[in-house]
Structures are given as structure tokens and as C-alpha cells.
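If you want the building blocks of each chain, they are given just below.
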Amino acid sequence: MKQLKFALLAISITAAGFVNATAQTADEIIQKHITAIGGADNWKKVNSLKMTASSNMQGTEIPFTITILQGKGLKVEISVSGMTGWQIMTDKTGWSYMPFGGQTKPEAIPDETLKQSQDQLDAQGALIDYKAKGTTATYLGKDDVEGTDCFKVKLTYKSGKEETMYFDATNYYHIRSVAKVKAEGKEIEITSNYSDFQKLPEGIVYAMSQEGGMTGQMKIKSVEINKPIPDDFFVYKEDAKK
Amino acid sequence: MKKQSIRLALLALLSFNIAIGQTKINSYTFGALEARWLGPGTMSGRITAIVGVNADSKTLYVGSAGGGVWKSTNAGASFKPVFDKYCMSIGAIAVDQTHPETVFVGTGESNMRNTVSIGDGMYKSTDAGDNWVKVGMDSTEHISKIIIDPKNNNIIYASAPGPLWSNSKHRGLYKSTDGGTTWNKIFYLNDSTGCADVAVDPTDPNIIYATMWEFRRFPYAFNSGGKSSGMYKSMDAGKTWKELKNGLPAKPFGRIALTLAPSAPQNMIAIVESKETGLYISSDGGETWKSQSATMNVVSRPFYFSCVVIDPKDPKRVYRPGFGFSYSDDGGYSFTDASYDGGWVHSDHHALWINPNYTNQMYLGTDGGVYFSLDRGATWMFVYNLPVGQFYHVACDNNTPYRMYGGLQDNGSWVAPSAAPGGVNNSSWQDMYGGDGFWVQPDLTDNNIAYAESQGGNMGRIDLTTFKSLDITPQAGKSEEKLRWNWNTPIVTGQTNKHNLYTAAQYLYKTTDQGRTWQKISGDLTTNDKKKQQQEESGGLSEDNTSAENHCTIFTVAESPLDENLVWAGTDDGNLQVTTDGGKTWTNVAKNYEAAGIPAQTWVSSIEPSRYDRNTVYATFDNHMYGDMNTYLAKSTDLGKTWTRIKSDDFTGFAHKIKEDLVNRNLLFLGGERGLFASIDGGNSWFRMKNHIPDYCMVRDIAIQPQTNDLVIATHGRGIMVINDISPIRALTRDVVDKDVVLFDNKPTPLTNGAYGGGGSPVSGGWYGGNPDDVQPIEYYMKNRPTQDVNVEIYDATGKLVQKIPGSKRKGINKVYWNLRWTPPKTATGGTKMDYGGFVAPMVLPGTYTVKLKVGDKDYTNQLVMVHDSKNKLFSEEDRKAQYIAAMELYHIHEQLADLVDKISTEQKTLKDNMDSVKRPQTRKLMKEYNDKLEELRSTLLATKHKSIFADEKKLREYITEVYGAICGQESKPTNLQLERITVLNDDLKKGQDNYLKLYTNYGEKTDKIVKEDKAKNKNEPRNSN
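So the protein sequences, as listed, match chains X and U. Position 24 of the first sequence, counting from 1, maps to 24 under the working numbering, and the rest follow consecutively. Position 439 of the second sequence, counting from 1, maps to 439 under the working numbering, and the rest follow consecutively.
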């Protein structure tokens, strides 16, 4: 970890030196981004978040919901022709049940993957108070996403997971992420694209169209903020055995 | 001064106007037209560096001669390119083993063959290859080795042989003392002598060894060796140096490869090129050397094979990757060669990495890719997933699918279809001719014949059914000089008369009967400068005359597409000749291009006579062999009398190929050593094509296939790349570019399931190049990436929504794929298995549809005409209608079944919700009975028992899907039994509906009534408060 930090420090020095002497710092970009999406104050009020969404598969809508309780748990529920699959992650355990391919009972998410996925339990997003969360950010200069000029910032989470974020240089919206998960001896890279930015009644701006990973292109129909979530919502009965 | 500032202000104003008035067309405008990387990986390309991460033994960086850096994090199971924004020619790689996230890449291969490319400096990554920063040594052109001080990772050494084609001060041994941020040259002899190799004593890193090498290439000769070459040692980390001579042969030396045993660094091995190239061993840190007898393989071709490695743990185990692979168990006194039991190992080895944690495991880089061994190099297995082949040329035929033909550096000539069942993969490629491959030409008049060659002008006519070949090389006639064949001898088919086949030595030859008879149609078209024809003396200390230096040869030939008697020939020594009478008379226009600012005697690398105007011709010129890396492209509109040089600030690297589009006269493509460029305004402005193509890709040849409009690119290090259907590039006009959103007109779209079937199993391993799109995409242009949502909706002629598809949001051209089908039916939900019927939909019928592109709250509409696929002779339009009717019947059966199951579920839910509140046992019994009967009925309608994917439970829903899926997926009218089956299923549905009605009449009406009454009663009764 220390080595990694050292390496990141080195890159921040060299990158800043080579990319542009007058370049913004990662923190400036992140702060401008936070302002663009409604400001830290509004985001910090978000304690829970429930998204109702769907993705399109061959013309068929696959509905799902994603519920996040700040720092406590994440639950994804997917419904396909009357069957429901789900994935639960908390800070301690994770379970996945995807019966569509014949899985008959929930399976545990391996510890390392769970550890590397902890940033997903963050309803406020990784960038609000990122320093306090133990995340380091490094500005890597300008790059483009399919022709759109972007600021490129690499985040290293406390877990060691790395995520490179691309912010549209004209409006500071976060339009792409490339996350690298190194767990169980594997290295998996996931690219996600974000678009359709809408302002919610709570004053925050949310990307209502997200693409990448296992969901394909996901259209978010509604985002409910701070709706009460039952205590046992993220509990799977097998947890007791652990 | 004043005048100048006014001028500057005007210029600024002008450019400002342009900037606000016009949207720039650039790399990204067409970014959605992404190239397919067809590889293949079955023959790979030259590998120049392999380095692993010691700590995990499975992270590998592989550097290639022309394909950049590839990284594996799984010991080679898969690789990804990590250097595609930078120089493709890799000389050396180093990983800081104490902080393995830090990686250095020295660009510019140092295997100094005729076709070696050029680097542009040293790069550093501190995040394991995700991001790179250039850190210096920009002008060294070639970097051979990088060594990080094992005790202090701020200290790094890099050996730079330096420029091959010119004298230069940018060579020698470089050192960084700040972790690679800045570099200083610490050991330099003169401007023709660079540093070939460097070694650092791991036990005392102040002890440095360096070998200096005097060398130089000319277009027509190579020299390795000179009085400045030598072996040196420093005891003070490079401050002072002494030459090591004791026991070494008499000077002059050529290239010296040097290594020490990591576990006992006093033990050293050197292969010293001299008049008697030999292997030398030292056991005292290089102070004294002993000559050893060595095998042919150990000492052969020292300028090209500069790798010698000692096992990390065992000082006696020595490896010599060379022409073949040799190893020694006695410290280099004797060698044996690897066995071919694991299969043939490509010759010409340049890199070796041994896993220090398990020294049986090693990776070898050859001229034909990477191999790995698990038995200390005795046998080898090939790594099939590195598509870094170095093509020289590519040609396409007119088959469906068309075939691609091309020859590769040290890897023969190959042919593959552009599309194949399951997609183009390694096994699609066939090896058709040996040696080094260059031009391959399909005979466009005879589908079974192609022409190919190997180095030195040996060429054959190949039967494509058997791959047997017949030699058709023209021979020198009476009193003719020895024929001078270029390394990369042209074999070119006539563009006007496809029966014409040309080849050339110093003379131009033509055949019209497949090479059975040749006609010499020119005299010597070169300068015939005898000073440039001393190839037999080439090589320097080691004679090296492999035809690579042959000079004063014809290099490029082109017949006008408008006139078969108008033929152009360009030579490697600068002549550009044209005939308008089929070769009776020739005019040399070399002086004319010189007048346009292109240096004399420049290699004419390609000629492109225009297909729109007989007098117009484009040509590229390559002067890099005289140390001039400029991009030379010129155009003449008067048959070469006058030339205009075409320039662009975007150009990088010397030029190999100019290609004029087949349809749009203003569309031009330029391929060069450092990138592919395009112009849509006849060459006035250019942009780099980054369409999933590495930024500085080495593009040697470009073809456009006329039926598919595919742009086919021969890269010298990344195999064949294809951009499918460049029509959108042709169609883009200025007025489109300035609009916010444009939904393009669509060509009538054939309704098809695609050209291929297949088992559908993914390819295991190897390289997969995929297929072109099965269906024609819907295309639109967006000036900027929108922040709102983008969707595409398809409507039929009655205005009914057929399907809604998420849109793509690129700046520039976008492509969206509609699967040509309706939205799938609502199918019965529930049960224990997922039924795929809900993802299947009938294909629409031919007709006119409407595409609505929705960008935020703005709509853009256009028509989309769907037509029956007339190419499919086994499937008539009538058949299609019958198929559609049957599919739609089943679609409705599915939806009706879904309704029925919904009703059952609703009833059951009502029963369940009220069961507890019902007190009367009789009523409860009735409700339970009703629920059971409903469940019984449900279990006849869909699979409810078996959960496992391996249990094949089928009920009505699954039976409907079985025939529905079959009919929707087939391109034929339904069979008699499929149609009968629909009746059976319809009857089963009716039966289910009837049964439900009966149950509802017998139970449902009663229970509903009771539930209602109960509810009313509960409502009226006062709440019991205990």
C-alpha cells in the first residue's frame, strides 16, 4: 500500500510536470465537478438512495432496482420474466443470487472482491469528502472520451481499487470511468459511461443513463432519496453462519 | 515589426472566424467507425523485449517491433495493448522490481535490420502501464536496454545505439539519478558509435559494463563494426571507464552482447562480433576473457541476435536466443539446441524472460511471436494471442466474403476471409507461401489463383485450392545484367486490365497469362548507380547479404485505372518513371518532384494514379534511409510534369502509401510509419485516423474493397485492420458537420439474420477478429456529446412503435443497431426456469418504417426502407410472410398465456392475502382447494418444478417458446409440423383458459364473494382492543 502511494505520488509529480504547467489539480477538478452536480451540501444529505431502472435486452426491458444505504449496504434486484435475482453487499458480507442461468441458491461474494467493491456502498458517490474516505486523487492531464475533451483523474480507494474518471471539460460532468478490480488473483477492468444528467428535487444532478458492466445500458426511471430502508434489508440469512 | 503584429492579429481573427464558423472534422468525427483487428495471432510478429514482474511471476510486458507494448496479468492467457497512444517500435522494457508499478519503455527497436523502425524516446509509467509520460532521450531513435539499479531505484541506465541512418550525438549510455525523470548521457565516444549493451553488477551497482558499437546503415549497405566498437567497464557508476581487452580478439569489433550471472556476477559471457566472431567467458568481472568454441547458432548474425542470458539462480545455465535457441549447462563451454517436440519454434530470437521464482518457466520473443517453456527452454509452446504481425502489403479479391491477402516480415504470405462463420479467428488464416512475405495479388480473373513472393524477388503462382505453387520469377536474358530485386519486390495487378500482372527488378515485366510468359516492358528504370550495388560486401565485419540491401531497383508500380497503357514505376533510388504507351517509351519525372521540395534520390514508396482524371497522380516518397523522417506526399495533375507537395501539421513519420477513395475523389488516405491519416477535401487538410487504430500505427498499405466499401489496412506490427464500410466518411459534407444533429438517410436495408450461423461456442484462446456487422446500422451525426438522453425509436407504417433502442452518444458519427425485430412479447411470468421466449421477437416485414432519433426533447425522423434479402435464394418473400404470420400467431399465444397466468397469480394472491382473516373452516377449506386447483392448472402452463438448467422440464410456455424461437430464428417458411404445432398449442391454451374459467365459476366467484363479505364485515365490526 505504501508502495502504491509512493507510486501515485510520483505520477502526480511527473504528470503535473509534463502535462501542463498551469493544469488544474485533481482536487480543483473534483470540486468543480461536485459544484456541477449540485454541491457537496446537497450530496451530503443523501443517506439512502433507491434507483428504479431498466436495461434493454433485445428490445425487452429488464427492470431492476438498486438500493444503497450510505456506508451500510447495497442491494441490486433484477427481475426477468417473474424471476428475481439479487445481490447484497454490506461492509462485511456479500451474497449473490442470479437464478437466470440456473443458479439455485445464493452464493457468497469472495472477500477480496467484496473489499474492492466497498466504494459502491457510497450513496453520495466516491468524490464527496473523498480525502476523508481515504481516497487519493491524481490528475493525469487532458484526454478525450470518444472525441469529448475531458479531464482525467485517477482515484485510488482505501481498498486499493483504482478508478480513472473522465470529466467533460466543458461542464465537469463525470462521463466515463474505468475501474480496475484486482481480486482473487484476477484483474478485471470495467468501463462505465454516464449520461442524461438530470437535476433531482433534492438539488443534486444524477446520470440517468449509465452503461457498462453487467447491466448493459441502464436507464434510470426514478431516484428516491432518503426513503426509509428496513434494518434487515441487507441481511441474508446465511450471514448468521459466517 | 508592426506589420507583423497586424498580420498576426489578422491571422488570429481569421482563424477565430473559422473556429466559430466551422466545426472541425478530426479523428473523432468518424471515431465510431472502429477498425476490426483481424490479427491474426497464428503468425505473430517480431518481439523485442519481454519483462515480467518478479513478485507475482504472472504480469508480463511484451514489447514488439511494430505493435507497441502488450501486457498480460495472467502469465500470457490474455494480453492487452497498453501503449497505443505512443510509438509502436519498442526497444527495451524495464520493471522496477522493488516497485513494480513503475515501468520504463525505451522506444525504437535495436535489432538493426533494414526495416527496423524508429523510436522517439523513453517513457515511464508509475501505474503499471495505464498511463505513460515521456521522460527524455527523444532523439536517440533506438534504445536497446534499460537497467534499474537493484539497490537504488532512482538510478537507471539506458543504452542507446542511436540513429541507424545518420550520424548523431544522440547515442551512448544514458543515466538517470532521479528515478527516470531526467536523463544524462554519461558515456559517449563519437557520432557513429552508440551503446549496444549495458550490465550492472547487482552486488555492487557501481560496477557497470557497457559495449560500444560503431554501425551504420545506408539504403544499399550495412556496416557493423569499426575501431570505436569495444567493451568497457566502470567502477564508479559510470564516471570513468576503462576498456576491457584482455583475452578478447583483435579489434575492430562489431556488436557485442554481454551478460553477467545474477547469482555470481563475476561470471560473464560475451558474444563479440569481430573478424572471427566468438563467444568469450570471464570469471573475474570482465578483466580477463577466454575464447570458447561455440556453435553456429551462438555466434551467428551478431548485429541481429544480441541477446544472451544467464539463469537468475544458476550461473552455469546460459541461454542464447539467436537464429535458434541454444542453452548451456556448463557456463557456456558447450551448447545444445532446443527440441521441436512442442512444435516448431520460429527462428530469430531477441528476448528472453526467466521467472526468477521458478526458473523452469521462461518466455521467448522471436520474429514470429512469443513462446513459453516450462522445462528450461528444452521445448516451447506458442502464445497465440498476440496480433503483432508485420504486414508489408494487403490486397482483396471480389469474393463474398472477400479474401484478404498479404505478406509479412519473416512470416510468409497468408490469406483469410474477411468474414467467417463464428467470426474470423486464427484458424481462418492460411499460410500460402514461405520466406519473408511482401506483395500477394489475387488473380481477379481467376478465383483460384494468387501470386506471392519471398525476399529477393522469388515469386510463384499459387493454386488457392491446394496451395501448390509454380515458380514464375522472371530470369535475366542474354547480355542482361544480373537482375536486382528489391527486398520488397512489387507484384501488381493492372487496375484497368485485370489480366495484366506486373513485376519489376531494374526492368519492368508484364504478363497477361498468369506468369507463363513475361514481357520486359522497360529498360533499366533506375539510376543504375554502381556505387550502390556492392551488396556482396555489405554487413561490415560479418557478411550479411540477404537481399535486404539490394538497391537500384523498382519498388512500386501502378497501372492507371483509366488507361492500361499508362503505367508508373518508382524506384528506391529516386526515379519516377511514366509510360503512356504501355512501356514503349518512358519518361523520368524525378527532377520534377524535386522541384516541389522533395529531396533527390528519395525512395518512391507508392504511386496512386487517379481514377477520376488520367493526368492526376499522387505519390509518396520515403527518405528515412538518409536520416530524413519527413512525410513526403505530392500530387501532379499533368502526368508528373509539375508536382505540388501536400503537407500537414498532423503528419508524422515517413510515408508508405497514398490511396485515393474509389467513390469520393476528395477522400484520400495516407499510411505512414507513424500513423494513418485521411483527408476529405482532396488533401487540403488532414486528420489522424484513430478509429480503434493505434495513434502511431505503422501503416504500410491500404486497400479499399469495392463491394463492401471496407478500408483494409496492412500494418507493420498490428496485423490486418479493417474499417467496415467507410460510406459515412464519403458522405459527410460540410453542412452536415456544422449541424447539431443529423439523422442520415438510410440505404434500403435487407432483412437478414446475418450471413453466418455456427455453433456459437466462443473461440478458446487465440486471436479473434470477429465479423462485420450482421445488419446495417442506423447512423447519425452529433456535433457534441449530449448531456441528455439519446434514444432511437422505430415505428411501422401505421405509427405503431416497433422497438425502442438506447442511442449512442459520441461526438461525430454514431451507429445504432436495430435487430430488425419487433419488441418481444410479454410472456408468462414465474415458474422455476427462465424462459427465453420473452427475448425473442419476429423480424418485421419489408416496408417503410420511420426512425425517430430522440436527443433530449428534440426529435429527428427519417424513413427506413426494409427490403427482403434478395441474396438469400432459399427464402422467398412469400416464405417470409408465411413465417411472419406463424411467428405472430405464437407471439399472441404467448401474450394470451401471460394474461392467463397473471389472472391465476392475482387470484392466488387474493386468496393468500385473505386466508388468515377467514374464520370459517369450511370457507378456508374451499379457499385452499381453489388455490391448489389453480396451482395445479399453473403447473400445466409453465415449468414449476425443476430449477436446474440441466432439468429439461417443459410445459405450455416452454413448448410455445420451442416452436416460436425456431420459427422466429429461421430463414424459411414454417414446416408443416411447425404449423400443426401452433394449432396444438393454441388448443392447449384454450384448454387452459377454459379450465381457468371453470375453476373461477366453481370456486372463484364463491371465494371472491366471501372475501368481499368478510372485508365488509370486518370493516363494520368494532376493532377488538384487548
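Accuracy of the hints is not assured; some may be wrong.
According to the in silico footprint, chain X covers these stretches of chain U (three or more CB under 8 Å from chain X) [stated by the list, open to error]:
no., segment
1, 24-32
2, 533-543
3, 752-766
4, 776-787
5, 820-834
Rather than coming from a laboratory, the hints here were simulated on the basis of the structure. Idealized CB from N, CA, C, for every residue including glycine.
Outcome of the hint check:
no.: 1; hint: 24-32; result: holds (count 6)
no.: 2; hint: 533-543; result: violated (count 0)
no.: 3; hint: 752-766; result: violated (count 0)
no.: 4; hint: 776-787; result: holds (count 4)
no.: 5; hint: 820-834; result: holds (count 10)
The earlier numbered hints that this structure contradicts are 2, 3.
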